[in-house]
Amino acid sequence: MTAPAIELKGISKSFGPVQANKDISIRVAPGTIHGIIGENGAGKSTLMSILYGFYKADKGEIWINGNRTEIPDSQAAIAAGIGMVFQHFKLVENFTVLENIVLGAEDGGLLMPSLSKARKILKELAAEYELHVDPDKRIDEIGVGMQQRVEILKALYRQADILILDEPTGVLTPPEADQLFRILDRLRAEGKTIILITHKLREIMDATDTVSVMRRGQMTATVKTAETSPEHLAELMVGRKVLLRVDKVPAKPGKPILEIEQLRVVDEAGVERLKGIDLTLRAGEIMGIAGVAGNGQSELLEVLGGMRSGEGAIRLNGVDLPLQGAGSDARARRAAHVAHVPEDRQSEGLIMGFHAWENVAFGYHHAPEYQKGLLMNNAALRADTEAKMAKFDVRPPDPWLDAKSFSGGNQQKIVVAREIERNPDLLLIGQPTRGVDIGAIEFIHKQIVALRDQGKAILLVSVELEEILSLADRVAVMFDGRIMGERAVDQTDEKELGLMMAGVAGEAA
Amino acid sequence: MEKMPKWADVVLIPLISLLLAAGLSALVILAIGEDPAAAVKLMVDGALGSSYGWGYTLYYATNFMFTGLAVAVAAHAGLFNIGGEGQAMLGGLGVALICLFIPWPHWTLALLFATLGAGLFGAAWAAIPAYLQAKRGSHIVITTIMFNFIAAAVLNYVLVNVLKPPSSMDPASARFSDTIHLPTLHELLTPLGIAFSKSAPANVSLLVAIAACLAVWLLIWRTPLGFEIRAFGKSEAGARYAGISPVKITIITMMISGALAGMMAINNVMGEAERLVLNATEGAGFIGIAVALMGRNHPFGVFLAAILFGFLYQGGAELALWTNIPRELIVVIQALVILFTGALDNMVRIPLERIFLALRKESN
Chain A
1 MTAPAIELKG ISKSFGPVQA NKDISIRVAP GTIHGIIGEN GAGKSTLMSI
51 LYGFYKADKG EIWINGNRTE IPDSQAAIAA GIGMVFQHFK LVENFTVLEN
101 IVLGAEDGGL LMPSLSKARK ILKELAAEYE LHVDPDKRID EIGVGMQQRV
151 EILKALYRQA DILILDEPTG VLTPPEADQL FRILDRLRAE GKTIILITHK
201 LREIMDATDT VSVMRRGQMT ATVKTAETSP EHLAELMVGR KVLLRVDKVP
251 AKPGKPILEI EQLRVVDEAG VERLKGIDLT LRAGEIMGIA GVAGNGQSEL
301 LEVLGGMRSG EGAIRLNGVD LPLQGAGSDA RARRAAHVAH VPEDRQSEGL
351 IMGFHAWENV AFGYHHAPEY QKGLLMNNAA LRADTEAKMA KFDVRPPDPW
401 LDAKSFSGGN QQKIVVAREI ERNPDLLLIG QPTRGVDIGA IEFIHKQIVA
451 LRDQGKAILL VSVELEEILS LADRVAVMFD GRIMGERAVD QTDEKELGLM
501 MAGVAGEAA
Chain B
510 MEKMPKWADV VLIPLISLLL AAGLSALVIL AIGEDPAAAV KLMVDGALGS
560 SYGWGYTLYY ATNFMFTGLA VAVAAHAGLF NIGGEGQAML GGLGVALICL
610 FIPWPHWTLA LLFATLGAGL FGAAWAAIPA YLQAKRGSHI VITTIMFNFI
660 AAAVLNYVLV NVLKPPSSMD PASARFSDTI HLPTLHELLT PLGIAFSKSA
710 PANVSLLVAI AACLAVWLLI WRTPLGFEIR AFGKSEAGAR YAGISPVKIT
760 IITMMISGAL AGMMAINNVM GEAERLVLNA TEGAGFIGIA VALMGRNHPF
810 GVFLAAILFG FLYQGGAELA LWTNIPRELI VVIQALVILF TGALDNMVRI
860 PLERIFLALR KESN
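These protein sequence lines map, in sequence, to chains A and B.
Numbered per the numbering used here, the first sequence finishes at 509, counting up by one with no gaps.
Numbered per the numbering used here, the second sequence finishes at 873, counting up by one with no gaps.
Hints are supplied without guarantee of correctness; some may be wrong.
Claimed, not checked - Dumping the calculated DSSO-like pairs for lysine-lysine here, alpha-carbon to alpha-carbon at most 30 Å:
1) K90(A) x K743(B)
2) K255(A) x K224(A)
3) K757(B) x K743(B)
4) K275(A) x K644(B)
5) K757(B) x K372(A)
6) K743(B) x K644(B)
7) K404(A) x K757(B)
8) K248(A) x K275(A)
9) K59(A) x K9(A)
10) K255(A) x K137(A)
11) K743(B) x K372(A)
12) K404(A) x K515(B)
13) K391(A) x K252(A)
14) K391(A) x K757(B)
15) K404(A) x K743(B)
16) K224(A) x K404(A)
17) K137(A) x K120(A)
18) K673(B) x K372(A)
19) K241(A) x K22(A)
20) K9(A) x K224(A)
21) K241(A) x K275(A)
22) K22(A) x K200(A)
Please keep in mind that the hints were generated in silico from the structure rather than gathered at the bench.
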């Protein structure tokens with residue numbers, strides 16, 4: 001048997017009192033795709049950062065191709081044949097593809113020889129792995145999928161034999177993701193070793209040969225992908241049985257709650273972000289907005305939530321809501337019974353330096369039940385917080401803890417509790433489960449469905465198509481500030497939606 | 510998980526910083542050939558050893574409480590108000606106009622309206638930079654500094670051309686009427702049977718300053734407005750999400766801040782000088798920045814820090830009077846205190862956090 005491409009022996013790493021990695025051992029066979037799956041905060045990124053030389057392990061050994069290797073920095077990692085494709089690309093936007101590939105790997109003081117050498121090598125790589133990109137295009141002229149290819153090419157140009165990909169499909173459309181996995185197959189066929197870090201069970205099942213599961217800093221299992229199932233992996237990740245599908249009865253849509261007509265938004269830079277949106281949302285249904293991030297979904301939530309102004313018309317229960325000037329701010333929207341769970345809970349939905357009980361009042365701090373004369377009734381507020389924490393199982397249930405001290409899932413539960421418990425007519429909810437662990441996802445989904453079943457309208461924006469397909473009743477796909485089409489969730493599939501997300505118009509619904 | 514207990518953050522860090530500053534000051538005093546121990550004794554005796562010394566210490570502290578609160582309130586909204594000096598000057602103008610041109614029957618009524626007038630003038634002076642920041646994006650640090658200079662020029666002009674009695678050569682207003690003389694601590698405490706120096710300038714404004722500390726505490730931590738101010742200061746995106754108008758909060762907060770700085774004038778203009786003189790503020794607006802830094806923007810911290818700086822001012826004056834230590838050295842000592850308690854906060858904080866973490870690990 002050949003030596004493993006990577007072998008980690010007893011890796012441990014602590015940050016202060018937090019043990020991020022605890023005695024982790026793993027063997028990755030050469031020429032395979034090895035998945036690492038785990039919830040947020042399970043220690044996946046820390047482990048990969050140790051392998052790439054960003055952190056130094058407190059204990060443990062790294063063996064590459066059977067040789068003990070020290071990796072004090074990323075230069076050493078590159079020298080050892082390790083390439084990393086980060087979740088957020090590290091490319092210079094106004095450089096060409098070729099310039100980006102050479103950047104940091106120039107030989108000599110003159111640029112021209114490096115560039116022409118790189119052009120030659122790039123041609124060979126393209127032929128070998130079917131990784132075609134136009135070397136003279138600027139990064140800001142090519143799509144996200146292409147940019148990711150450039151990142152992979154950068155690693156290959158530096159002669160990487162081992163590729164680490166950190167959540168590579170987060171920014172891709174489904175067709176782009178499929179393409180990526182074809183590239184990975186090809187790379188494996190040429191003998192490269194690939195480590196794929198993800199929290200999406202389906203990708204693990206589709207693409208990997210072996211999968212390691214991490215939970216709370218420990219490696220809980222390594223299994224052959226062919227011998228496991230998504231349910232089993234989820235159980236290994238969370239430590240208990242979880243429901244992967246959302247359990248819900250068919251929707252019973254009622255009267256229209258929200259009517260949007262020709263809604264336009266022009267941002268601060270003068271770019272038109274929404275180019276005339278028409279949408280109707282009924283009582284008792286969940287409308288999912290699908291799309292690749294950056295196609296106007298955020299602006300749609302913000303304008304509905306009163307965080308930015310727009311043109312056109314929106315009506316709630318038949319009453320016009322102003323889109324500009326007085327009465328168009330978030331406070332007025334809340335008064336009109338529109339609740340909003342924002343996409344970015346860390347900078348918008350919560351004040352991280354505030355206590356939990358202050359965050360429970362956030363946005364509703366003028367509510368009469370929180371006032372006592374001219375002052376705020378902090379005691380009532382804390383009692384209310386304790387009740388909400390108990391109902392939504394927020395852990396630890398301590399109203400005095402700062403928001404930043406809670407895990408992502410518990411932070412999101414605080415926001416969701418605050419907004420849903422207001423009993424709104426319309427709930428706007430953006431990326432409800434981003435950075436949230438599986439156990440909390442299950443809980444939050446249940447709450448959203450329960451609100452729907454009370455006859456409320458819910459507008460769900462998510463970049464996770466899977467989430468929309470399992471949670472929403474209808475789905476509208478946004479592309480470039482427009483709605484490409486609307487479908488009932490049970491009459492469409494990922495393939496059709498994927499095409500619409502890429503800008504291919506669907507037939508009129 | 511907090512890195513260290515709250516008491517360490519609030520008490521231990523300022524204390525260690527202060528000791529470091531004192532140690533370095535001692536070295537400086539040694540270097541110029543004086544005895545640090547004698548200097549400390551002289552400062553303590555001069556500032557705290559007699560009711561006369563206390564009277565001056567508390568007089569200065571009253572000024573610093575107002576300006577310290579002004580900086581602290583703005584800081585909670587993430588705004589750095591460096592314009593306390595100018596706002597206090599304008600506050601002085603407000604006090605002078607109210608005291609000179611209205612025949613008040615009694616000092617209490619005069620004090621009430623002088624406080625309002627001082628606040629109004631200070632608030633108006635802060636409102637202009639606030640508007641420019643909120644609507645035009647002109648950075649408040651730059652504009653408030655510039656407004657200090659403009660305020661000085663305005664005061665100069667008004668004193669020389671408007672308020673100066675025709676016969677006088679001194680660029681100062683006429684004296685205020687005796688009926689609105691504010692009671693000094695001597696006059697307040699004598700009926701209670703407590704002897705207090707007759708010549709010290711501390712006066713009833715001290716009580717107004719303490720009331721202001723209390724009011725600011727209520728405002729910041731107990732009212733919806735204070736909630737909005739703190740939320741805006743921690744996250745502007747969050748404020749927009751919660752329906753808090755950045756423009757409104759910036760302007761209101763700066764006006765409250767300016768009003769507090771302006772109110773200092775009831776102490777120095779109405780309580781002490783009893784007329785408006787040139788440069789009446791004597792840099793108290795800037796000391797307010799240090800006071801707020803050291804007091805962690807908390808009204809109680811500001812109260813304590815103001816007394817500490819009052820002590821440094823009065824003790825420093827005594828040093829200059831009785832030793833060969835030059836007046837400038839006092840400024841050096843004050844600067845060291847500011848440097849260590851404000852700017853070099855992390856120098857003490859980070860090692861201290863490590864110690865606490867290590868201690869916790871051992872006990873686990």
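Structure-based check of all given hints:
no. : hint              : result
1   : K90(A) x K743(B)  : holds (29 Å)
2   : K255(A) x K224(A) : violated (51 Å)
3   : K757(B) x K743(B) : holds (16 Å)
4   : K275(A) x K644(B) : holds (28 Å)
5   : K757(B) x K372(A) : holds (23 Å)
6   : K743(B) x K644(B) : holds (20 Å)
7   : K404(A) x K757(B) : holds (27 Å)
8   : K248(A) x K275(A) : violated (34 Å)
9   : K59(A) x K9(A)    : holds (9 Å)
10  : K255(A) x K137(A) : violated (50 Å)
11  : K743(B) x K372(A) : holds (25 Å)
12  : K404(A) x K515(B) : holds (16 Å)
13  : K391(A) x K252(A) : holds (26 Å)
14  : K391(A) x K757(B) : violated (36 Å)
15  : K404(A) x K743(B) : holds (12 Å)
16  : K224(A) x K404(A) : violated (38 Å)
17  : K137(A) x K120(A) : holds (16 Å)
18  : K673(B) x K372(A) : violated (50 Å)
19  : K241(A) x K22(A)  : holds (24 Å)
20  : K9(A) x K224(A)   : holds (20 Å)
21  : K241(A) x K275(A) : violated (44 Å)
22  : K22(A) x K200(A)  : holds (23 Å)
Violated hints, listed in ascending order, are 2, 8, 10, 14, 16, 18, 21; each of the other numbered hints is respected by the structure.
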